[in-house]
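Chemist: One letter stands for each residue in the lines below.
Number of protein chains: 2
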Amino acid sequence: MDISPKVRLFVAQPLGGGRAVALDQAQAHYLLHVMRAGPGTMIALFNGRDGEWLARIDQVSKRGATLMVADQTRPQSAEPDLWLLFAPVKRARIDIIVEKAGELGVSELFPVFTRHTVMTRVNGERLSAIAIEASEQCERLSVPTVHEARSLEEMLAGWPAGRRLILLDEGGGGRPVAEAFADLGDGPAAILVGPEGGFAKSELDALRRLSFACPVDLGPRILRADTAVIAALSCFQAICGDWRVPPGALL
Amino acid sequence: MDISPKVRLFVAQPLGGGRAVALDQAQAHYLLHVMRAGPGTMIALFNGRDGEWLARIDQVSKRGATLMVADQTRPQSAEPDLWLLFAPVKRARIDIIVEKAGELGVSELFPVFTRHTVMTRVNGERLSAIAIEASEQCERLSVPTVHEARSLEEMLAGWPAGRRLILLDEGGGGRPVAEAFADLGDGPAAILVGPEGGFAKSELDALRRLSFACPVDLGPRILRADTAVIAALSCFQAICGDWRVPPGALL
Numbered sequence: 000m001d002i003s004p005k006v007r008l009f010v011a012q013p014l015g016g017g018r019a020v021a022l023d024q025a026q027a028h029y030l031l032h033v034m035r036a037g038p039g040t041m042i043a044l045f046n047g048r049d050g051e052w053l054a055r056i057d058q059v060s061k062r063g064a065t066l067m068v069a070d071q072t073r074p075q076s077a078e079p080d081l082w083l084l085f086a087p088v089k090r091a092r093i094d095i096i097v098e099k100a101g102e103l104g105v106s107e108l109f110p111v112f113t114r115h116t117v118m119t120r121v122n123g124e125r126l127s128a129i130a131i132e133a134s135e136q137c138e139r140l141s142v143p144t145v146h147e148a149r150s151l152e153e154m155l156a157g158w159p160a161g162r163r164l165i166l167l168d169e170g171g172g173g174r175p176v177a178e179a180f181a182d183l184g185d186g187p188a189a190i191l192v193g194p195e196g197g198f199a200k201s202e203l204d205a206l207r208r209l210s211f212a213c214p215v216d217l218g219p220r221i222l223r224a225d226t227a228v229i230a231a232l233s234c235f236q237a238i239c240g241d242w243r244v245p246p247g248a249l250l
Numbered sequence: 000m001d002i003s004p005k006v007r008l009f010v011a012q013p014l015g016g017g018r019a020v021a022l023d024q025a026q027a028h029y030l031l032h033v034m035r036a037g038p039g040t041m042i043a044l045f046n047g048r049d050g051e052w053l054a055r056i057d058q059v060s061k062r063g064a065t066l067m068v069a070d071q072t073r074p075q076s077a078e079p080d081l082w083l084l085f086a087p088v089k090r091a092r093i094d095i096i097v098e099k100a101g102e103l104g105v106s107e108l109f110p111v112f113t114r115h116t117v118m119t120r121v122n123g124e125r126l127s128a129i130a131i132e133a134s135e136q137c138e139r140l141s142v143p144t145v146h147e148a149r150s151l152e153e154m155l156a157g158w159p160a161g162r163r164l165i166l167l168d169e170g171g172g173g174r175p176v177a178e179a180f181a182d183l184g185d186g187p188a189a190i191l192v193g194p195e196g197g198f199a200k201s202e203l204d205a206l207r208r209l210s211f212a213c214p215v216d217l218g219p220r221i222l223r224a225d226t227a228v229i230a231a232l233s234c235f236q237a238i239c240g241d242w243r244v245p246p247g248a249l250l
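Residue numbers (numbering that gives the first Met the number 0), protein chains in the order written: chain Y, 0 to 250; chain X, 0 to 250.
Misleading hints may appear alongside valid ones.
The list treats identical chains as one, so a pair stands whether inside a single copy or across any two.
[Said to hold, decoys possible] In the DSS-like style, the derived pairs of lysine-lysine whose C-alpha atoms are separated by at most 25 Å in a straight line are:
| id | residue 1 | residue 2 |
| --- | --- | --- |
| 1 | Lys-5 | Lys-89 |
| 2 | Lys-61 | Lys-5 |
| 3 | Lys-200 | Lys-89 |
| 4 | Lys-5 | Lys-200 |
Everything labelled a hint here was simulated from the structure, so no lab data went into it.
Isolated chain Y (complex conformation) (with noise of 0.2 Å):
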């Protein structure tokens, strides 16, 4: 029996010592044939709302598996309360702005139509399985809801008060990111990031008069879409997010 799970998996049902879980046929089929465990084997479970729980192996067939839980590893812990705003850019980058996303601790997804967005649809069910996979993979105990797409506009018609939006301000209005930061607080924020050709004059001059935009700036070179999300995710979680936290704290 392995003691040490390699596998970690986001499942929908509550988990609990005692309780019997069932997977889908992806999941089983993940399981199986690409981590090889067999009835047995103790895996993680995980699903954003009751911590993280080993679980052992039952049954597997190519319809499924069962799995019965044991013991809790880590308790449910509070997250950044971080949301992302990001125009649909082409595919294999938007996959990287997902993946990335979930990496970096990000709360909730929201795909925004700007004036210079090229793309026209989402597909929310592939952006989804990849921030599971993400959440899986990066240890977190949480997954981020992918919402569904709508227009800028729309989205800020509809601000909740009390969240500073973060703008990537990539015509040169914005502060140096560190100062901004640095300047922030703490309380709920969310990150917003253009398409690849940017913001329509217009719309980029309405964000920065926006009372509760702070327009920061990512330095001297022009960042692709996928490369400033990451950026500002990661000076986010650095100077104002759980990146501050002493390694171990968490243990």
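Since the structure of chain Y is provided, determine the placement of chain X on it from the hints.
Modeler: Coordinates of chain X only, in the frame set by chain Y:
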């Protein structure tokens, strides 16, 4: 005549007003078929030494193109002296590492073999091409050098005096990254990231003991190698590098 060039090309030749520059077949193909440029179109050229110049396309054929250099648009300027040492990972992710390192201002790239590195060969030519394309796209005036792969031991044996080695310490032995970078000060630096399987325990212990090593921690989630590279480079540029310069100061 297009006076706002959308194409930037890296060339090896010297640049100066009135000079003729010959492009090779691949660059000519790119101009003609990808960017749909032709005789008379203005493009931008840089070579890492002479700044950025406008040049007019004189002739384009299947075998090459000839350009006439006109005016300088930007002088060559100093850039951060920042190396990246990375364990080669599989193709898609090594390509992301090199592309993003280019965008994020790395000056030299060193693929290094560690104990748990699975890859045994590195296609330096492909990586150099990716680095050039990233530099052309992100408006930087230089291209990072991609060095031949070598062992980590060999790299450390010839370590230059005065260069800090920022160790991405996935074992929890590092200081929170923003705190560590705030104390780092100016001067030459290098960032080292291990392979997907992490450093070997003995290897990590030895790295931590190096007098020039600065172990840093990137938070509670396990980051993939490419994510860790981008995160560390972004935090470095934001806190110690050229993202501190207020926008506009470089124009």
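Chemist: Now, for every hint given, state plainly whether the structure supports it.
Modeler: A quick look at each hint next to the structure:
no.	hint	result
1	Lys-5 with Lys-89	between (32 Å within a copy, 20 Å between copies)
2	Lys-61 with Lys-5	within (21 Å within a copy, 53 Å between copies)
3	Lys-200 with Lys-89	within (22 Å within a copy, 40 Å between copies)
4	Lys-5 with Lys-200	between (49 Å within a copy, 18 Å between copies)
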